[in-house]
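Colleague: Given the coordinates of chain A, assemble chains B, C and D onto it according to the supplied hints.
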Amino acid sequence: MPDTPTHYTAFFEICLLLVVLLPLLSFVVSGRIPERYSWAVTFTAPLFLLISTICAIYVFTAVWHHQPYSAKVDWFAIGGTMVSAGIYLNDIAALMLLVVTFISFLVHVYSTGYMAGDAGITRYFSMLGFFTFAMLGIVLADSLLLMFVFWELVGFSSYMLIGHWTEKEEAAAAAKKAFLLNRIGDAGFLVGLMLIWTNTGTFDIVQLSGINEAFSWQTTASLCLFAGVMGKSAQFPLLTWLPDAMEGPTPVSALIHAATMVAAGVFLLARVDFLFTPIALNTVAVVGILTALMAALSALVQFDIKKILAYSTISQLGLMVAAIGAGSPASAMLHLFTHAFFKAGLFLCAGIIIHVLHQAQQQAHEHFNVQDIRNLGGLRKKLPFTFLAFIICGSALAGIPFFSGFLSKDAILTAITIWKGEAFSWKWMVLASAFIVSFITVIYTFRMVWTIFMGEEKLTASLPVVEPPMIMRGPVAILSISSVWLLVDINPFSFEGWLFNTLHSGDHFHIGAISILSALWIVLAVSAAYFVFRNKTIHADLLLNNFYLDKLYFKVVGKPSWSLAAFTDYVDKRWIDGFIHASAYAQVTVAHLVGWFDRAIVDGTVNGMASLSRGVGNFTRSFQGGKIQGYILWAILAIIIFLIWVLF
Amino acid sequence: MHHYYISLLIFIPLLAAAAGLFVPAGAAKYFRYSTLFVNLFQALVLIAMVMEYIPGQGIQLVEKKDWITLNIGTWGILKAEYFVGVDGLSMPLVVLSVFVLLIATISSWTINKNVKGYFILLLILNAAIIGSFTALDFLLFYLFFEFMLLPMFFLIAIWGGARREYASIKFFLYTLLGSVFILIVMIGLYISVHDPNYSGQLVHSFSVLNMAEASNFISHTILDPNNAWMIGPMNARLWAFLLLFMGFAIKLPMVPVHTWLPDAHVEAPTPVSVILAALLLKIGGYGLARIAFPIFPEAAIHFSTFIGVMGVISIIYGGLNAMASKDLKRLIAYSSVSHMGFVLLGLASLTPEGIAGSVYQMFSHGIISAMLFLLVGVLYDRTHDRTIVNYSGLSTKMKAYTALVLVGFFASMGLPAFSGFIAEIMIFLGAFKANSVNGLLHESLAIIATLGLILGAAYYLWTLQRMFFGPYDLKGNIAHDSIYDLTDREYLMLVPLAIAVLFFGIFPQPMINIIDPFAQNFSEFVLRAGKSLTLNP
Amino acid sequence: MVPVYHFLWLGAFLFCAGLMVIITKRNAIMVLLGIELMLNASNLNLVAFNQLHPAHLSGQMFALFVIIVAVCEAAVGLAIVLRVYQYYQTSVPDEVTELKD
Amino acid sequence: MNFVTILFYFFEAVAALAALSLVLVRNVFYGALILVVCLLSLAALYVLAFAEFVAVTQILIYAGGILVVIIFGVMLTAKIAGKPLVVKHTNVLSGVLAGVSLFTLLVYFLSSHKFFEDQKEAPPSEDAINTIGFGLMTEFVLPFEVAGIVLLAALIGAAVIASSIKSKKV
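Chains A, B, C and D supply the protein sequences, listed in that same order. Count along the first sequence from 1, then add 6; that gives the number in the numbering used here. Count along the second sequence from 1, then add 344; that gives the number in the numbering used here. Count along the third sequence from 1, then add 165; that gives the number in the numbering used here. Count along the fourth sequence from 1, then add 91; that gives the number in the numbering used here.
No lab work stands behind these hints: they were computed from the structure. Only a predicted model underlies this, so the values are computations on that prediction, with no experimental measurement involved. We put the beta carbon where it would ideally sit given N, CA and C, even for glycine. Be aware that one or more of the hints could be misleading.
Result set (BS3-like, lysine-lysine): computed pairs, CA atoms no more than 25 Å apart in a straight line [unchecked claim]:
no.	chain 1	residue 1	chain 2	residue 2
1	A	Lys174	B	Lys741
2	B	Lys460	B	Lys373
3	A	Lys561	B	Lys670
4	B	Lys743	A	Lys174
Residues from chain B that face chain A, not an exhaustive set, calculated with beta carbons under 7 Å [stated by the list, open to error]:
no.	residue
5	Tyr542
6	Pro600
7	Thr603
8	Ile856
Just chain A, with the same shape it has in the complex (with noise of 0.2 Å):
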């Protein structure tokens, strides 16, 4: 429990400040070094954030199981009430801050080797500094305002990583893909924020969970919150972007979306639990579940191997929200803390595979796709390292007794179990989902390391594979190391470690019957994979196109809005315009009636002399026409002018 060193000393603050301030300076520096001297980003880039690693674990260190440090600044008056800028580090945060950095660090390490070469070297780790900043920003934010501002920026570099290798158009369509469905996140994430300014006048985290009473207003603005999420921990319905997400390089995979962003949501849910009501916290429930289950089925299908990360993120993610709609934010944040590191480990895995026998490909001059598995086998031999590493964060993400992810796995479903209580109600299909989830799970996972490693190699068979520098592998070791058990704790079956119980307020929650009950399931779950699901390919089209969600919503969503443009551009051109031109022709023949009145009857006065003389002369001289008829009809009409004239 918190002991009491009030005062945090200068040190501690400005190791915060690095934290923070180094990845920002990374993104500075690396984005205004020369073309020419690009390689040296590859030095500076990480060695900040080594610096920042390591600041990050003295931190830690020092907050853990602390009092929470929090400092702010005025940033500015909206409406005359001041909103601060500051930070608030608990444990959470803590936790979060060292798992960025670290992960964020070993990426940096990783991508040195895996990006070499590449023509947008300074703006890849540019942009990965930046997201350290943003990501670090939101974990450490002590206003949802903030928050919101990191969360955007987040979205911004995710942005900018996904398009990185700009010339692919499925890059560029992917980065756009996902902005936008994090931006519609954002806009009910938006609509919370004037939900809760509109009643309680304060952004602060710290002010805002001092609120014990539900207010009525506290569902819609929580479920607008998560709105946010949905967006940015690709929670059904907005999931279809992650999987797309994956045209960025693998390292940003890794990094932005498996370990680190697309759990902000988790974090912001986590962090802004106190504002959810019971409803809100069932919505959260079901949408968590249904987005693992929707997931985990489409990840059983897929063929690309970044794909098949990518859903089972969405997966893990959906079992995450479905944790804390359960009411368990710990074990949620357990399950994130734990599925970091593996599943970081397993895409820098897919990516070595990548990188290597793109290496391999252009040393041999053959093309074939090297992310689609079907293509892949038999890698084991040619890659023992990759493989061991593959297997040891696929049993985490599989669940498998000993690794890391069994445990936080366990700890939600201990969670859910406990939250469906003792009557039957929906939320026992909730559970029911979980299990099922961690089931297929397994499935897809074992089908994946099966297909990729074991076998006979297929197309890869005449390549020259060999495994890469140590400056990737290393990473994927460290990652590989926390992804067992001892992570979490020395009983490898029980979650409540050090981890759990700081961050877990409340009564003893461990159930030891559903470690053992999750245990057996698993075992079940690989020998059926084994038995079963091994050389099965499964085909259903419904869920290769997850669900066909992307057609429904160019459908629904894309179409209509893109004819409603089209309209508004026909009303522009034709109604507006068209009324303008109507009533400028109006003007304009107004303006011609004028115009002849002006000439022939206001100028005819005004310049009266002037235009009498020459209309004289032209009328004279228009008598001289040579046309003798024309002689006489004016004579004689001078002659009845004469006659008038003299005889009235």
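Modeller: This is chains B, C and D only, laid out in the frame that chain A set:
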């Protein structure tokens, strides 16, 4: 103590323009440098002004001189003054004007056609803009307001693109229509208002400050708050407010009186586009906040839902239209429509947040749109083609340009850390809060307005995807050798804007310090005055 | 005794008819006919006024001289018409605009 | 109403109708014939106005001379064109306007002026032709001679102009 800061700001460009008349037209360099010098001098004056300015002290740096005093017998005395000053509303806009005009001058360096005429018109425009942002006498304001149209008309009509005549005439007619509306109300106000400082004598005053006091209205005149005339179904004050609103809404521009803007922008040369988007549109919002709302507070309250709805329509409609635009400049012009809709929404809320947000939005949109139009100008200078689909993968050839475009686009989308975000969040909060604070706008308006953010992201990202990402390719008649990255001059004008956008997005407080007292006073004044005046049916 | 104003009315009518013929016909010969008609109208007036002063015959004399001049005019006019017709291949006076300034 | 008056009205009507139809007719040849009718009826009117000599001259010179010449002219030009010479009307409006307005004007003045007082019952001059012949040789001898010269000049001139010698311009 006498200050002459504002007069300096207004008259230095006019003097320079007058002096320029006597310089032979061939001395192109003279005109460029003299205009630049004037701008820099204005910047210096502005710095001094900002130092002198004390936030929260109402209207300051006032200069007041008799201008027209005309005894018209039994009708009293017509009195118009040279009455200028700045407060929390005009200060940000004056800062913006000086800054943007400086950038516009740098951007005008490439103008080669009739340099003399161009820069003289630019200087006149400069004076008129600053004049209308500082004038506190309605007649003076109107004078500057009208004065702005003329140089603008010629700048578009002479230095514009292919359909420049059409665009300039459309611009002129639209804004002239607005001016007529304003003129009508001005005459009505002139008849109805007397100057309380002259007892015993009937002195008709044009001072906006006098007009804002209900007690200064002569009883039983057309716009007397207590006995306003009935014209048709509404009383004359409501009509007057509507006329003023329409007059300024055309300038703003508000859907559906916005169609002059895309055409004017598409045809105008880059610096003129910049001034048009960054400054002229602001006159609309400024006029509403300075004139329409304080003088007719009860009408402002009466019509607040209408104004808010029009704002939201502008936001959505502008966004949709931007999405359908095929021309890059047109797209940005429509995004301006969308963003100025936020100004309306914020003003309609009459909450301090909303008002401050509106003023901040005007300021921030000024910088951002200036940047965006300059960016379009950069591309147009090179290729003379603005069709979006004719470009692809520009990021590979124009790295720095793409970076700045990203800054501009994301700033315009309201990404945090850029100034637009601060403004929009304040407007959203204010508009949402209005119902519970003063019961004016329904919450749903703010919620619908968030669609504007999504639309903004949609059209900008789509544009980025089409023009800057993907494989490098040029269609149409664009020569490949015409594509090159930014020049030093272009850096010089774009980077300060980017820095300003970032600065005011990250450190908004210096500006909000100036705006906030005004916003609070304004909201409090309009609500109090508006509610004290009973609307006769 | 026929009242003199009958003659005068008829003369006026003939004169105006001749005038109309001159102005409206697009043929030189018709124009000549019109001129003849007008001359006759004046002759009629001369003769009619001569009735008022039967002692003097100046009116009739004048009428005679008018007839003589008319003969000359007709002869020369017709000659010109024929000549013009040969030259311009038209007898439409409008198409002969050599007199134009 | 005596016989003379009826004759007068008759010839007056004939002359007026002929003049009117001359205005309306479009065939030049018919026009010439109508003019003959008109001139003949005018000659009759001259007789009624006690101007027998003028009437005779009218018949001889106009109907017999000028009109024959004109008809010749018509036929000559018509021959070249190869079809009946039909004329088009031009300046109809202004022509009618001028004619009608002049006519109105004249009728107005004529009716406003009383000629009745001046009109005496003129004695039928028994020797009008005598008097004319006498007058021509005495009082009007100079005009008479001049008229002769004019006639001669016109004769020569007409012959020269109408002769078929090609001018240089053709």
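Colleague: For every hint, state whether the structure bears it out.
Modeller: Do the hints match the structure? See the list:
This hinted pair checks out: Lys174 of chain A and Lys741 of chain B have alpha carbons roughly 15 Å apart, not beyond 25 Å. The hinted pair formed by Lys460 of chain B and Lys373 of chain B meets the criterion: a straight-line CA distance of about 10 Å does not exceed 25 Å. Distance check on the hinted pair: Lys561 of chain A and Lys670 of chain B sit about 22 Å apart at the alpha-carbon level, within 25 Å; holds. A hinted pair counts as satisfied when its Cα atoms are at most 25 Å apart, and Lys743 of chain B with Lys174 of chain A qualifies at roughly 16 Å.
Below 7 Å, beta-carbon pairs count as interface contacts, and Tyr542 of chain B has none with chain A, the closest being about 37 Å; its hint is therefore violated. A hinted interface residue such as Pro600 of chain B counts as satisfied when its beta carbon comes closer than 7 Å to some beta carbon of chain A; here the least separation is about 5 Å, so the hint holds. The closest approach between the C-beta of Thr603 of chain B and any C-beta of chain A is roughly 5 Å, which is under the 7 Å cut-off, so the hint is satisfied. Taken as an interface hint, Ile856 of chain B checks out: its beta carbon lies about 5 Å from the nearest beta carbon of chain A, inside 7 Å.
Of the hints listed earlier, the one the structure fails to meet is number 5.
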